[in-house]
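K.L.:
With the hints as your guide, set chain B onto chain A.
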Amino acid sequence: MSLENLIVEYLQRATTEVFATMLGSELARGEASGEKTLPDPGDGVVTFIGVAGPWAGTGSISCSPAAACRVCSCLLQTEAASVDEEVLDAMAELTNMIIGGVKTDLEQHLGPLGLSIPTVVFGRNFKTKAAGGAAWTAVRFDWEGEAILVKFCLAPAERASRALPLPGQDCALEI
Amino acid sequence: MEADILVVDDSAAIRKILQRVLRQTGMAIGLIHEAGDGQQALEVLRGQKVNLVLTDINMPKMDGLQLLAAMKSAPAWKEVPVVMITTEGGEAKVAEAVRLGADGYVRKPFTGDQIKEKLAAFLEPALPL
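So the protein sequences, as listed, match chains A and B. For the first sequence, the positions run 82 to 256 when my numbering is used. For the second sequence, the positions run 10 to 138 when my numbering is used.
This is chain A alone, in the form it adopts within the complex (with noise of 0.2 Å):
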């Protein structure tokens, strides 16, 4: 299995994992893109943890307002009508967890790796990049109407701050 499937399937796990357990909601199989087949999300939450080691990377979750509200009121099991500090803890939170059980599972196969603390972003109208040009693998969920986009972008850490090819043709890694 390539890198790039190894980390659609962590993505999947993970994410309908946390939210079966923390959540109470049952998520189906997300659809796996690669990059270019991406919409910018521009408006909304986003996410991002950095995941560092001898390979280095990040993690993303982005989703509308509504949806993140959302994910606020079923894991902490209040109401939520607005984005606020409570609702860009839990976006936090959501992704530590996520992003963290994708890392831990790679660990298998790419040895021990660092997490950093969760930024959360909430606005209109801005663009997200990685730098070094590393592509993103990523697994867009439905979550009833509301869609949740898990991403990940990872490269050795020796090639990271480097403009990289598109993952799978990058690494030679077969599991």
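Heads up, some of the hints might be wrong.
[Said to hold, decoys possible] With beta-carbon atoms standing in for the labels, derived distance ranges:
{"id": "1", "chain 1": "A", "residue 1": "Glu98", "chain 2": "B", "residue 2": "Gly110", "range": "26 to 34 Å"}
{"id": "2", "chain 1": "A", "residue 1": "Ala133", "chain 2": "B", "residue 2": "Gly121", "range": "28 to 36 Å"}
{"id": "3", "chain 1": "A", "residue 1": "Ser145", "chain 2": "B", "residue 2": "Gln28", "range": "26 to 34 Å"}
{"id": "4", "chain 1": "B", "residue 1": "Lys58", "chain 2": "A", "residue 2": "Glu166", "range": "25 to 33 Å"}
{"id": "5", "chain 1": "A", "residue 1": "Ser163", "chain 2": "B", "residue 2": "Lys70", "range": "24 to 32 Å"}
{"id": "6", "chain 1": "B", "residue 1": "Ala101", "chain 2": "A", "residue 2": "Ala162", "range": "39 to 47 Å"}
{"id": "7", "chain 1": "B", "residue 1": "Ala37", "chain 2": "A", "residue 2": "Glu239", "range": "52 to 60 Å"}
{"id": "8", "chain 1": "B", "residue 1": "Arg29", "chain 2": "A", "residue 2": "Thr209", "range": "31 to 39 Å"}
{"id": "9", "chain 1": "B", "residue 1": "Arg29", "chain 2": "A", "residue 2": "Ser163", "range": "33 to 41 Å"}
[As the list claims (entries may be wrong)] Going by beta-carbon spacing under 7 Å, a handful of chain A positions derived as facing chain B:
{"id": "10", "residue": "Val99"}
{"id": "11", "residue": "Thr102"}
{"id": "12", "residue": "Met103"}
{"id": "13", "residue": "Glu160"}
{"id": "14", "residue": "Ala161"}
{"id": "15", "residue": "Asp165"}
{"id": "16", "residue": "Leu169"}
{"id": "17", "residue": "Ala171"}
{"id": "18", "residue": "Asn177"}
{"id": "19", "residue": "Gly181"}
{"id": "20", "residue": "Thr185"}
{"id": "21", "residue": "Glu188"}
{"id": "22", "residue": "Leu196"}
Hints were generated in silico from the structure; no laboratory data involved. For glycine and all other residues, C-beta sits at the position ideal for the given N, C-alpha and C.
P.N.:
Just chain B, lined up with the frame of chain A:
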């Protein structure tokens, strides 16, 4: 006897979830203190008697492993059970926590039953009303 618990996590969301989960365990729990990192946790421990600590690992300023090491090397706190609750499920982190004296380990995401099962060895059931 009711146990006073210290919950240490930089995420207010997780602290809130653990407050709720702990109250639903049916265990005899008194006060639930909170801290956002290891340094804050040590400040709470200096001022309060705590019977059990639940701590995350990845936190700013002082992480959960540093907090664990500080507690297990201090005569006043070394007998206080410390349970790690974290996304860090890798064998290396678990081994490091065990080496430092962790009394339990729960991986996020967690269910209420997993928390209850892990804490059963340290807490007494609540008395019926």
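K.L.:
It remains to establish, for every hint, whether it holds in the given structure.
P.N.:
How the hints compare with the structure:
no.	hint	verdict
1	Glu98(A) / Gly110(B): 26 to 34 Å	holds, 29 Å
2	Ala133(A) / Gly121(B): 28 to 36 Å	holds, 33 Å
3	Ser145(A) / Gln28(B): 26 to 34 Å	holds, 28 Å
4	Lys58(B) / Glu166(A): 25 to 33 Å	holds, 31 Å
5	Ser163(A) / Lys70(B): 24 to 32 Å	holds, 30 Å
6	Ala101(B) / Ala162(A): 39 to 47 Å	holds, 42 Å
7	Ala37(B) / Glu239(A): 52 to 60 Å	holds, 54 Å
8	Arg29(B) / Thr209(A): 31 to 39 Å	holds, 33 Å
9	Arg29(B) / Ser163(A): 33 to 41 Å	violated, 22 Å
10	Val99	holds, 5 Å
11	Thr102	holds, 4 Å
12	Met103	holds, 5 Å
13	Glu160	violated, 14 Å
14	Ala161	violated, 11 Å
15	Asp165	violated, 12 Å
16	Leu169	violated, 9 Å
17	Ala171	holds, 5 Å
18	Asn177	holds, 6 Å
19	Gly181	holds, 3 Å
20	Thr185	holds, 4 Å
21	Glu188	holds, 5 Å
22	Leu196	holds, 6 Å
Hints 9, 13, 14, 15 and 16 from the list above are not met by this structure, while the remaining hints are.
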